[in-house]
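Participant: So you can see what is in the structure, the chains are spelled out below.
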Amino acid sequence: MPELATCEWDSAFLLIFSPNVAPFIYYTHLLPLLSSLLIGLVVFINNPKSLVNRVLLFITSMFSLWVYFDLILWASPSPEHVMFFWSAIVPIELLIYAGCLYLVYLFYNNQKDISLLRKLSIAVFFVPIILFAHTGYNVLGLSPDCDQGAIEGPLIQYMYIVELVFIIWAVFILLRGRSKIVGKDARLVALTIGVGTIVFLSTFTLGNIGLVFSVNPDYEQYKLFGMPIFIAFIAYSIVKFRAFNAKLITAQVLTATLAILILATLFLRTLENIRIVIGFTFVLVCIVGYNLVKNVRREIEQREKIEKLAGELEQSNRRQEGLIHFISHEIKGYLTKNAAVFAGVIDGDYGDVGADMKTISNAALSDTRKGVTTVMDILNASNLKKGTVKFDMKPFDLRQTVLDAVKNESQAAADKGVTLNVNAGEAPIMIKGDANEIGGHVIRNLVDNAVKYTPKGSIDVTLKVQNGKALLAIKDSGIGITDEDKKSLFTEGGRGRDSIKTNVSSTGYGLFIAKQVVDAHGGRVWAESEGPGKGSTFYIELSA
Amino acid sequence: MVDVKGRIFFAIFFVAIIASIAFTYYKIEILQDYRMYRSDEVIPEPTDFYKDLFSRFNDVIR
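These protein sequences, in sequence, are chains A and B. Note that the first sequence ends on residue 648 in the numbering used here; no numbers are left out. Note that the second sequence ends on residue 72 in the numbering used here; no numbers are left out.
Accuracy of the hints is not assured; some may be wrong.
Unchecked claim - Okay, derived cross-link-like pairs now, SDA-like style, lysine to any residue, Cα gap no bigger than 20 Å in a straight line: (1) B:Lys61 x A:Phe236; (2) A:Lys223 x B:Ile22; (3) B:Lys15 x A:Leu221; (4) B:Lys15 x A:Tyr206; (5) B:Lys15 x A:Phe236; (6) A:Lys216 x B:Lys61; (7) A:Lys223 x B:Asn68.
Simulated from the structure, these hints should not be mistaken for lab results.
Can you build the whole structure from these sequences, using the hints too?
Facilitator: The structure is reproduced here in structure tokens:
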């Protein structure tokens, strides 16, 4: 049984409140304790399932426990308490460092948990502390001098070294782990948290170094100010990047914490001379904080509104797409049946009909086929947009596809008195792609358009290989394109303002589909025109 | 989230830490087994342990 302490101290209320302790000590301890606990709890309550939020709560809790233990050491007159809390503070302190290292790791691992091996490599440093915390290696014993308290053993020196190792480790993660993070904002959040953590730990360690080298015992008090700095970094990451999934309430709490921290200094008896400065700082923090909270509130409200509207719009779009797809599919069925009936009437499947009836049936069949084409365009555009079209990518001869498309349109061109010329060379031009899609929805579409929008004159279709790419040019002497129309040419439902006069059955989907198909083949489609009445040239470039 | 292996690791880790602190509490607060130096005693430096450890290590090497 050791001798009883000879210190004539008053007993401490709740182990920490004693008249023997200077107000300065309470200021340096209680405020970081309360502010750290507050921020840890607020962030945790905001999203309890988030791993980083849990780790932050763990760090702030361990820090608060450390501060509480340290206050006991300042206030308690009991030698047993001094010995125990001096010993117990060692694993708690290292847990703060390990928690911080874990937090940095999480932010540099896209907020996902780290491997068991990494956890073990951090935990292995705790083995000597777990084994020897209760022994004289940790705290050698009590000093006969009341002010000195306990005498630190080699285990505490070991702890200081491990703390330095953990700081260097965190710096190493910061320098090497950047490339693993996905997203610019995530990288900036990780950097902010990483730097804040390192500053916090370094401030703490600097206080310990001051203690070890006995520079000035008061310096040790400043190490706790690393926590408000850490909180400031967390505040910045929350306000700027919405880190920890925290919202407005956190910004309010953070501002209030900073204000309380500054306000509390006014009650320190030893700081008479700087009260005016502190008062001014407090007012400044209140003004800046008020504006910060106001701006953050506005930004969050706007962001949430936009996100809500975007979600609603997306849902509405999806519903509309589905409806269009359904209606188009149904109409196509009816039109196809109608076309079959009219064809049957013309072919005499329902018996002999008069010349008038045949003329009407021919017109009806033609219109029905146009209707089917329109519906098919809408359906194709819808499928391309949804990404449900599967392309059968195989090598094929583009030259032959072009010749076939031109041949199909030659009768229509001849009927209008438009000359349709083709120059595709003699040799096959092999490319890889879906021959049906390229031939049917791209080339046929463009040649068909050229015929429709050229009232008189000629159309020149040229195919050649240029810089390792197949380049198809369809040049017409038609109505031309205005600069304004060029902007909406390849968009869904996009039609030229005057195009409807020339082509009444235009759906506005043809060029949109052509572009979607060419894009899916890694190619390029564009149009050039010198203006209305000066013709136009459509180009398609595909990898040969 | 932390997987099953991670949870087992944390459980063992924190049980070990708490057990270590609990044992320290038992030894100091209950058994009152700790050293109190007298004014006339030479109080050792924490680094003495390392000096002693390394001198022994040097002796072994010699």
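Participant: Compare the structure with each hint and give your call.
Facilitator: Tested hints:
Distance hint between B:Lys61 and A:Phe236 is fulfilled; the C-alpha atoms sit about 19 Å from each other, no more than 20 Å. Distance hint between A:Lys223 and B:Ile22 is fulfilled; the C-alpha atoms sit about 12 Å from each other, no more than 20 Å. Distance hint between B:Lys15 and A:Leu221 is fulfilled; the C-alpha atoms sit about 11 Å from each other, no more than 20 Å. Our distance criterion of 20 Å between C-alpha atoms is met by B:Lys15 and A:Tyr206, whose separation comes to about 16 Å.
For the suggested pair B:Lys15 and A:Phe236, the alpha carbons sit about 27 Å apart, so the restraint of at most 20 Å is broken. Only pairs whose Cα atoms come within 20 Å are accepted, and A:Lys216 paired with B:Lys61 is rejected, the gap being roughly 43 Å. Proximity of A:Lys223 to B:Asn68 is assessed by CA-CA distance (about 35 Å); at most 20 Å being required, the pair is judged violated.
Comparing the model with each numbered hint stated earlier shows that hints 5, 6 and 7 do not hold.
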